[in-house]
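Chemist: Line order of the protein sequences matches chains D and U.
Numbering of the first sequence is given in our numbering, commencing with residue 25 and proceeding in unit increments.
Numbering of the second sequence is given in our numbering, commencing with residue 67 and proceeding in unit increments.
Treat the hints as calculated values from the structure; they're not laboratory data.
Owing to the predicted nature of the structure, the values given are computational and were not obtained by experimental measurement.
Using N, Cα and C, we set each Cβ at its ideal position, and we do this for glycine too.
Wrong hints could be hidden among the right ones.
[Stated by the list, open to error] So the derived list for chain D, only partly shown, Cβ under 7 Å to chain U, looks like this: (1) A71; (2) A103; (3) C121.
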Amino acid sequence: MPVEGFIGGLMIGLAAAAMLLGLGRIAGVSGLAARAVGIAPVGAPWAVAFAFIVGLPLGAALVMLVMGGVAVTYPATAALLIGGLLVGFGTRLGSGCTSGHGVCGLSRLSLRSIVATLIFMASGFLTVGLLRAGGLL
Amino acid sequence: MIRVVLALFSGTLFGVGLAVSGMADPVRVRAFLDLFGTWDPTLAFVMAGAILPMALAWMWQRRLIKPFADTGFSLPDPSGPDLKLASGAVLFGAGWGIAGLCPGPAIAGLVIAPIPAATFVAAMLAGMLLHRALGRNPANPGSKGGTAWKSGA
Numbered sequence: 025m026p027v028e029g030f031i032g033g034l035m036i037g038l039a040a041a042a043m044l045l046g047l048g049r050i051a052g053v054s055g056l057a058a059r060a061v062g063i064a065p066v067g068a069p070w071a072v073a074f075a076f077i078v079g080l081p082l083g084a085a086l087v088m089l090v091m092g093g094v095a096v097t098y099p100a101t102a103a104l105l106i107g108g109l110l111v112g113f114g115t116r117l118g119s120g121c122t123s124g125h126g127v128c129g130l131s132r133l134s135l136r137s138i139v140a141t142l143i144f145m146a147s148g149f150l151t152v153g154l155l156r157a158g159g160l161l
Numbered sequence: 067m068i069r070v071v072l073a074l075f076s077g078t079l080f081g082v083g084l085a086v087s088g089m090a091d092p093v094r095v096r097a098f099l100d101l102f103g104t105w106d107p108t109l110a111f112v113m114a115g116a117i118l119p120m121a122l123a124w125m126w127q128r129r130l131i132k133p134f135a136d137t138g139f140s141l142p143d144p145s146g147p148d149l150k151l152a153s154g155a156v157l158f159g160a161g162w163g164i165a166g167l168c169p170g171p172a173i174a175g176l177v178i179a180p181i182p183a184a185t186f187v188a189a190m191l192a193g194m195l196l197h198r199a200l201g202r203n204p205a206n207p208g209s210k211g212g213t214a215w216k217s218g219a
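With the rest of the complex left out, here is chain U:
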């Protein structure tokens, strides 16, 4: 129960941060990526603000044997980059640029602009399902749903 409450708290604080930062607005996110338009640097400040407490949190994490409300850490393996990672990032970046939305702001946007946000989220879930379906392709034996098993990040 405490874990669910903590996750709800974290998600809510995350949603507050997205709305306060201006990053719930797709046009502002796209303006950061628009070097030849009216460039908006806000996203860089958001990233800097978010990385600061997280860098401290990682320093603290290294001294802990287990997290405060769970039995162990469930973190992605520190493996090297590979082709899947790179091609996924290319596709994600393209979609991010086209819509001005990534998963967090889109889901938070469900209460701000329900219809367009839900349109994006529905397409996003369809894209996720498509990835899972292709991961089960017989041409790709041994795969259990693409890279889903290391979906921690």
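So that you can see chain D by itself, here it is in the shape it has in the complex:
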């Protein structure tokens, strides 16, 4: 539903604003995740990255508790493995994902993030279009 989407989006934006104004950092999930597991050599202090990353499933668990569950449908294992590899490699090479480039970068009017977001959106549309054309959806 668009209304839930907008309200959830506001919460995501407020969370990112808390990181920016409180800690002076971008709430970029791919970068913080890489930092939390020790893949990124530099970046946010480890404890900060780890705490943020732990918060993500904690927040989802709170919603499950309050709303009695969150409906999800995951794709087949092959799609998870291939998609995961591409997302991991691509976010490191491209220095960010939907949160860092999409939410934090677009709102900053960062040229790098605008270009990255346009490209990953276009790539996503094209990929899903190809999957549909190939009868995989």
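Please build the complex by placing chain U on the supplied structure of chain D, with the hints as guidance.
Modeler: For chain U alone, kept in the frame of chain D given last:
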């Protein structure tokens, strides 16, 4: 300590937002990218909702000398786009389309659908490690782990 608490608060609020918005559901994310299927516009509303407070936060940030709970801002350089950025975004977008997942919803999903979410997260970490390994390739001298040093975004 205050910084860790604030980061935990931010991550938790972020996770609540993801679950409330419906974006923890890979099929709904993929439906946004599926222009020739049953198109679901929700992701656009999520992005609009998230960008609104963040745009105000950036306006506020420009007036601050330092953040409220830290000694300085640690933000990515406002450099221009380059080939690494573009090719990374192509690969990320393809993976996002194939799985319907990006890093945030996948990690939040570890409590919603533990096994498939962990499958994706494990593959994602493998992809990150692969990038780091290639960044240390002798054919690429002077590199200290690919673009990891500007991983702020």
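Chemist: Of the numbered hints stated earlier in the document, which are not met by this structure?
Modeler: none
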